[in-house]
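Number of protein chains: 2
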Amino acid sequence: MLIFIGTGLWDAEDISLKGLRYARSSDEVYLELYTSKPNIDTDSLSELIGKEVGLLSRSDLEENSRYLVEKAKERDIVILVPGDPMVATTHTALRVEAKKRGVKTVIIHSSSILSAVCGITGLHIYKFGKSATISYPYREKVSKTPVDVIESNRKINAHTLLFLDLHPEPMKIDKAISLLEQVGNVSEYYGVGIARAGSENMVVKCDKLKNLKEFDFGDPMHILITLSPRIHFMEFEYLREFADAPDTLEKLVE
Amino acid sequence: MLIFIGTGLWDAEDISLKGLRYARSSDEVYLELYTSKPNIDTDSLSELIGKEVGLLSRSDLEENSRYLVEKAKERDIVILVPGDPMVATTHTALRVEAKKRGVKTVIIHSSSILSAVCGITGLHIYKFGKSATISYPYREKVSKTPVDVIESNRKINAHTLLFLDLHPEPMKIDKAISLLEQVGNVSEYYGVGIARAGSENMVVKCDKLKNLKEFDFGDPMHILITLSPRIHFMEFEYLREFADAPDTLEKLVE
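Keeping their order, the protein sequence lines are chains X and S.
Numbered continuously in the working numbering, the first sequence closes out at residue 1706.
Numbered continuously in the working numbering, the second sequence closes out at residue 1706.
Hints in this document: simulated from the structure, not taken from any laboratory.
It is possible that part of the hints are untrue.
Note that the list lumps identical chains together, so a pair holds whenever it fits in one copy or between two copies.
Straight-line C-alpha distance at most 25 Å; calculated BS3-like pairs for lysine-lysine [to be verified]:
no., residue 1, residue 2
1, Lys1489, Lys1627
2, Lys1596, Lys1579
3, Lys1579, Lys1607
4, Lys1556, Lys1657
5, Lys1703, Lys1552
6, Lys1627, Lys1596
7, Lys1596, Lys1624
With the sequences and hints as input, model every part of the structure.
Right under this line is the structure:
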């Protein structure tokens, strides 16, 4: 059996009781840190679970995934995934491969930035449009996709959740905004930057993108949301109380 | 202090280790079941946490919320919320009120259907547009909003996550589709129905909406997704393997 267990938003304590139970009763446990980089490592998880936790590389999950799947025919193999498993296509492909080879799979869900943004920012779930990732330039070319998504969301008065590239290193908000500015007129848009979501030293700050670019969010992981052109009064109030939003944001209230 | 703790997708074992630690060290613990109805109750949580868990009504959270907030000035009050807290505006309003009255708040996140749909259906996170709720008719009038959201998402080739009304009783998928059909030409659209997400007897089924309406999903909670007009090959493969999708779905692969 192949068991995907989410370790949740930030540290080892964000795993669920169910996840811990499955991990403890399994034969082998592995952690992958390719699709997310929270405050978690094999040592803290080994101590918690009471057995050695191996680290998987990208190739273990992708081109060499057959090895894991074959082992899972005989043994219960756990793959610990930061956040909620299967949000990354790397995991969905692995689950499909396992099914095709007759290996049973289980998913134990956990907290994810996808829902946590609602509590962190107070932005209404119905107001989010499509999400996008801001990637590092490829051959010096900056992708326009995130700006296209932001603009198409703004047309339907929707917020945009932007994931920041993790490789070769976790991107910070200032870099992300610089990249957006290279391909779109976004500086005057309001946004919310979030650093280290789910940790005790999380930082949440709402302002125009040009100001967020100058703001010191500290260490990764970072994530960025651009706001819809008009916002609900309750969204404004929440951002004022919990994201130090400037008074000028009130002009967006519909 | 007012502490919002997510209990996660389905049962008491979906709470995180961090959530359990906070609940055990608090002065009073309450559960609210107004915003979601998973397989959880005060008895199972009392046993887990080791102290009595009270049940909150809607009025405790809304018009009479001042009472809770005042108590939280002196004591550590935990509110257990199914799924991830703050996705419902009921909780965001309460957190703002607490902040205004000088009461510290903490959120402990947990698993939510918002991210779990990715693992359950294999649908790509970037492909989801705005979400909507299918409500029971109000004064015999069926809301057109969900159909409008579905149609505007289809224009940008996006999936639509549809929450089903909980009151006076959790709506089932057949009822939800009937309501959609009363205000839109949706019968031929493909969708995915999910029943009891995160449980051991979860049911996931992909088909045209007219066929999902006839499918027996069993007990609530139910949730419904309508697919974008074109889908990725990996989305098709996942739905074929894990949601018993019909062969005809392959026509949508782009």
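Handout entry: Hint numbers not upheld by this structure, sorted from lowest to highest
Key = none
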